[in-house]
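Assemble the whole structure, with the sequences as input and the hints as a guide.
Those protein sequences? They're chains A and B, same order as listed. Numbered per this note's numbering, the first sequence spans residues 1 to 289. Numbered per this note's numbering, the second sequence spans residues 1001 to 1320.
Mixed in with the good hints there might be a few duds.
Straight-line distance between alpha carbons at most 27 Å, and here's what the computed DSSO-like set of lysine-lysine pairs gives [unchecked claim]:
1) A:235 - A:14
2) A:31 - A:102
3) A:235 - B:1310
4) B:1239 - A:81
5) A:30 - A:14
6) B:1310 - A:100
7) A:90 - B:1094
A few chain A residues that don't get close to chain B, going by computed Cβ distances all over 10 Å [stated by the list, open to error]:
8) 9
9) 10
10) 26
11) 52
12) 71
13) 77
14) 81
15) 88
16) 137
17) 149
18) 177
19) 187
20) 210
21) 244
These are calculated hints, taken from the structure and not from any lab test. Keep in mind the model is a prediction, meaning the values are calculated, not measured. Where is the CB? At the ideal position from N, CA and C, for every residue including glycine.
The lines below spell out each chain.
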Amino acid sequence: MSWFKRLREGITTKTKQKKEIPEGVWYKCKKCSNTITSKDHIANLYICPECNYHDRITPDDYFNIIFDGRYTELFADLHSKDFLNFTDVKSYPERIIAAKQKAGRMTAMEVAHGKVNRLDLVIAAMDFKFIGGSMGSVMGEKIALAIDYCVEHKIPLMIISKSGGARMMEAAFSLMQMAKTSARLTRLAKAGVPYFSFMTDPTTGGVTASFAMLGDINFAEPGALIGFAGPRVIKETIKKDLPEGFQTSEFLLDHGFLDFIVDRQNLKERIGDLLHLFRMKDKAEVSEA
Amino acid sequence: MIFLDFEKPIEALYKQLEDAKKLESKGDVDMSTALKELEAKIKVKQKEIYDNLTGWQRVQLSRHPERPYSLYYIKAMCHKFVELHGDRYYKDDKAIIGGLGSMEGQTYMFIGHQKGVNTKMRQYRNFGMANPEGYRKALRLMKMAERFNYPVVCLIDTPGAYPGLEAEERGQAEAIARNLYEMSKLRVPIVCVVIGEGASGGALGIGVGDRILMLENTWYSVISPESCSSILWRSWDYKEQAAEALKLTPNHMLEFGLIDDIIKEPLGGAHTAPEEMVKLLKKRIKREVADLMVLDTDERIDLRIEKFGKMGDFERIEEK
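Right under this line is the structure:
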């Protein structure tokens, strides 16, 4: 009896009515509404112990998990610029300032060089709080520079995607970042350096349709939304409800676009395994020593 | 002829011209001077209107129902053309067409988005919105061109990649991403021309090449003005403002260094003189390909990667 059954999981409150909950003592899971203390939630790597919902986390959180907090940030001097004088209901500079305050960082992407089990790795990670992790010129350039860095030093590259797609406020420039990053990846492949693409919630639009889908290994966090078009657009196009689980990590794995799904608790170990397996010969002695 | 809203003054003049012609055909009156004057007036008016088009008006022109589409251009440019179908994995996408064609003894691989010429065909072509198999067909043909050392010509004209359920199931994002990657390192010259609409990833999916050109009355951006309006303004009513804000016209794109050049259209747009447009397009494609053929293959690929590498603008601020 579907009248009495809860069909949709989670909170269905409209965005407008949503209130930002201040950092408090308690954390309520966005999916199953289970409540635990924030301390326990953080200790559990922002995963709900009840339903395994992986809450969105920042680049620093990932660096802490994967590099144990020991890493060097790269290319931090790049900042977004409003070269188009773009204004919709707000101007682009206003949006950038608001994003800097909200995310507490200067751009939507942070690149870091660190080690996992004594093996080098460069990670480029996105922050969804910064204009939806959208890809503009800065992100494109950071990825391009990270690729160059990895080619030069023969270090594997990992990109952690968490983005709504291309940044509209940079119009065609943001579109061309798709070509820029994909083209540059050919050089990484030519140099024989592996590239791991890790997709987290959400990975959509121009990010998915460029470097995110081009990993030597494509993998994802459980339950992440991954797709090209957003669910709302698809729903409007086909004028039907979308099947349950559509565009989730599990859906993509089933359709052959991911190599595997990994829980955040096992992330570091899995990356360590990959680095071990992809270890380059001339580096072997160094790391085994 | 179909006239757009901002072409109304021209339409009125054309009407006068027709009336004058009718009058003359009845005999008696000599209208030759009046006809000439009217024709001259039309030219002046057209120039006046077309020199001052807004972004949104360019978008309207790029979607003009009488505008020539890929297959028209290819068939008109080529001495011989054989269309090739299918991606060899799933099916034949009707929104992207391709095939081998010859111009003056040189074989080319032509690929293009294809819109339909009437209501029935528009549905058949899915309004030029490709599914993953379209991009995979394009890639198959490009790989074939690479094997036989034929230059690739891509004609771009799409309102976007199709946002459907099955498109997602079959990996729309992967198909486009794969093309960006493979086109970056394809060992034959690639010339891309935006002949109508250049919307987002759906356009870029066959848009990575050594030369990126745009016809005069086209647009190219990350999103259509309508969708941009709906997302940023949260209403469909701001498409004109969105078109301006996106700076999506060929002139803007050239100024930003995101394309290499603009191909002029006949006055009044490609649809008013399609045969002339074919000549202009063909001449330009031949010239670009000839220039690219001279380059060493590895150098050409490096230049291609560098060309996209330069795209982007940002500030450098040293941390305090």
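Hints, verified against the model:
no. : hint           : in the structure
1   : A:235 - A:14   : 17 Å, holds
2   : A:31 - A:102   : 23 Å, holds
3   : A:235 - B:1310 : 37 Å, violated
4   : B:1239 - A:81  : 24 Å, holds
5   : A:30 - A:14    : 14 Å, holds
6   : B:1310 - A:100 : 26 Å, holds
7   : A:90 - B:1094  : 40 Å, violated
8   : 9              : 20 Å, holds
9   : 10             : 21 Å, holds
10  : 26             : 33 Å, holds
11  : 52             : 24 Å, holds
12  : 71             : 16 Å, holds
13  : 77             : 5 Å, violated
14  : 81             : 5 Å, violated
15  : 88             : 4 Å, violated
16  : 137            : 3 Å, violated
17  : 149            : 14 Å, holds
18  : 177            : 6 Å, violated
19  : 187            : 7 Å, violated
20  : 210            : 5 Å, violated
21  : 244            : 13 Å, holds
The structure is inconsistent with the numbered hints 3, 7, 13, 14, 15, 16, 18, 19, 20, although it conforms to all the rest.
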